[in-house]
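In order, the protein sequence lines correspond to chains A and B. For the first sequence, our numbering assigns the number 951 to the initial residue and increments by one for each residue that follows. For the second sequence, our numbering assigns the number 951 to the initial residue and increments by one for each residue that follows.
You may find that some hints are simply not true.
Where chains are identical, the list cannot tell them apart; a pair therefore holds if satisfied intra-copy or between any two copies.
[Claimed, not checked] Simulated crosslink set (BS3-like; lysine-lysine; CA at most 30 Å straight-line):
no.	residue 1	residue 2
1	Lys1038	Lys993
2	Lys983	Lys993
3	Lys1038	Lys1055
Bear in mind the hints are in silico, worked out from the structure with no lab data behind them. If you're wondering where the values come from, they're calculated on a predicted model, not measured in any experiment.
2 protein chains.
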Amino acid sequence: MAEETEEDFVVESMHYSRLLLAVDDDDDDSSHKAFNYACTVAKVYEVPLGIVSVLETGDLNIYQSLSPDMLSDRRSEIVAHLNTYVEKAQAFGVQDVQPLIGEGKPARVILEDIAPSFNPDLIIVGSHTARGHSHIGHVASEIAREANASVIIVR
Amino acid sequence: MAEETEEDFVVESMHYSRLLLAVDDDDDDSSHKAFNYACTVAKVYEVPLGIVSVLETGDLNIYQSLSPDMLSDRRSEIVAHLNTYVEKAQAFGVQDVQPLIGEGKPARVILEDIAPSFNPDLIIVGSHTARGHSHIGHVASEIAREANASVIIVR
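From just these sequences and the hints, can you work out the full model?
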């Protein structure tokens, strides 16, 4: 019976129609590749691209000492960083680019807040390759495991 | 200095040029979507598509009782299954489709044997969605974490 189902299955063209790229300030090779890939797909298929960056505030051990001014500075940095990505994507030819900012633990914010409201069918993340070794970061791993959408880890 | 590097970065078109699709006998929705996606990309960009299926022999608790005849039957099933995929991909319009068979623990065989010899830049796996819940299977998770290539988990 399994064979019948299998034989009946017909291949259909498929592409993604709503892309969410997760970036961070750590502009390594895999982040650039992920951005190139996201822009290419968004341009070729003329689909919306959301670019999300998250201000990490989840770890109080690190951030509890940040003053409101320092937090505000970090927010400004993230906005500037995100705007750079948006401008580059637009200059490349992506029509619909939306900057999205979150605050908290990156994977949780993306999974529970940004993705449910932006509603992507593909989430694009870098692998945060360190010094030539391929390894997958915690954020990428958590998103790959739990997202409702497809996830591509770009190396 | 970080801002300078970031500003200097230029977006470049990027697509994958050698695709490896991992399939198994569990023909769920995510497997079919993964196959659709793999065939679409391989056809649009006219790039080679390898399709790998692994005969699980790693778990002796389950398989130690399999006679040589039963193993041989399982091999034949996997070959037939793989041939079905190859024929469907070719009928869809993928020019270069290569069936690849492994034996052992699926993730290890794919990561240590199939991928290094086929040398894909993108590995495509289904998420093995069970009854509407999105969850990522062990094999997909292990491949996503450890592969040298980009990995897409199709849901």
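Okay, the hints, checked on the actual structure:
no. : hint              : verdict
1   : Lys1038 - Lys993  : both (12 Å within a copy, 29 Å between copies)
2   : Lys983 - Lys993   : both (15 Å within a copy, 22 Å between copies)
3   : Lys1038 - Lys1055 : within (26 Å within a copy, 43 Å between copies)
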